[in-house]
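Colleague: Here's the letter readout for the chains.
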Amino acid sequence: MHPQIEELFDDADSRHLKIEELRLVAHYVSSIPERLATYRSLRDCELEVMQWVANQLQAELPQEPEAILERCITNALLMLRHCGMAMLVNQESIVKERFLNWVQPTVEVYNTRAIDARLYQLLNQRLNQTLGKRMELLNPTLLMAQKALVPEKVESVNGVAIGW
Amino acid sequence: MISVADLLTDKQLPGNYFAAETYVRGDLEMGLIENRQGDRLIALPETLIQAIYSGLEKETGQASRLVLFNCGRWWGKNFYARFCEQLTDYYHLSPADMAMVEFLQALQQCWITHGWGKIDLEQTHQQRGFLVIKVWNSAFARLASQNKQLSCHLEAGILSAFFSQLTGRELHCIQTSCESMGADCNRFVLGLPKRLEAVETLVGVSDHDSIMQQLCQ
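Chains A and B are the protein sequences, given in the same order.
Count along the first sequence starting at 1, add 57, and that's the number in this note's numbering.
Count along the second sequence starting at 1, add 16, and that's the number in this note's numbering.
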């Protein structure tokens, strides 16, 4: 749960929640059906979206070894799952602590940024086509994760448009 | 042709196994903490660490360093076995088959999650047969007597056993700088015992760079 909301519940013995704090809780609660629906859609389309991305990527980058592309796709699947979970419980730190901490150093060592940049562009394009308006809740977390892994300077060096 | 369905056949995608939020679990009613595999963890209160230091110092004097080092060796041996078991279970790869970057990341995250501080490997002297390990924010250094002597003998023992098992060669470990003496981090040098013998007398007297210079001559 979002740390700000979690903290609110710690004060039950000393005070009632203020109006703005209740508003924060109400805002999150009212967004839960939408979050659940987005999560379900994401779960259901995961395989189709990623297979489409994998096919495109392989067609565009035939010179890249399959093992490297598979590594990038596995990392993207991991990213999508962590972003989905973070969106569901409204807690961005899940992505930072459980995904970025782990994947960031490997992206640097394996030097896959150019591939990742193209992969994210394809992924975002396909997700937008498949999920449409449901992407609104997922987008901020997904873009945060993608920006952390493929900083903009790489965008200009390789001339790759990342699409955010 | 890449098949995403094939990439998803394992029950989980390999993520950050040692992430603190998911790795450490507790049952307050039972007074237990355990890891995500269900193995018991032990919490070392600061008072206990301080008491171990002062008790050993009183009982064994100078030998306390050796006692702590040997305890560390024992601990490190078991730690290595458990660490490898967890890696193999989760990533379906033996540590020998893991890429160095992933193995190192797992070790770093594991070190942090166990509350031992941040660990990093410096490979500048690897060609000469020495591995320098740096540890920041060590509780073992913070709780030792300050400004007196190098104090991470337990960690030196752990590292010596861990890397001996990893490399399959008997390695010794000496500490060359210590947070308890105002250094920016704790530095350890790993190498063959015979080669480290030459600088044993410099430990605690010379600084890290001088010791490395002497070793690499």
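Hints listed in this document are in silico derivations from the structure and should not be mistaken for laboratory results.
Small disclaimer: the values here were computed from a predicted structure and weren't measured.
Where a beta carbon is used, it is the ideal one built from N, C-alpha and C, also for glycine.
Hints are supplied without guarantee of correctness; some may be wrong.
Derived DMTMM-like pairs (lysine to aspartate or glutamate); straight-line CA-CA distance at most 20 Å [unchecked claim]:
(1) B:K93 - B:D55
(2) A:K190 - A:E91
(3) A:K153 - B:E118
(4) A:K153 - B:D55
(5) B:K134 - A:E154
(6) B:K210 - B:E186
(7) B:K74 - B:E62
(8) B:K134 - B:D113
The calculated label-pair distances, taken between Cβ atoms and stated as ranges, are [what the hints assert, rightly or not]:
(9) A:D67 - B:T183: 29 to 37 Å
(10) A:E117 - B:E37: 50 to 58 Å
(11) B:R158 - A:Q182: 37 to 45 Å
(12) B:Q139 - A:P122: 22 to 30 Å
(13) A:A69 - B:P30: 35 to 43 Å
(14) B:D105 - A:H73: 23 to 31 Å
(15) A:H73 - B:H108: 28 to 36 Å
(16) A:T163 - B:D55: 21 to 29 Å
(17) A:E64 - B:L64: 42 to 50 Å
(18) B:H108 - A:Y167: 34 to 42 Å
(19) A:P119 - B:K134: 37 to 45 Å
Colleague: Which earlier hints can't be squared with this structure?
Modeller: 4, 8, 9, 10, 11, 14, 15, 17 and 18
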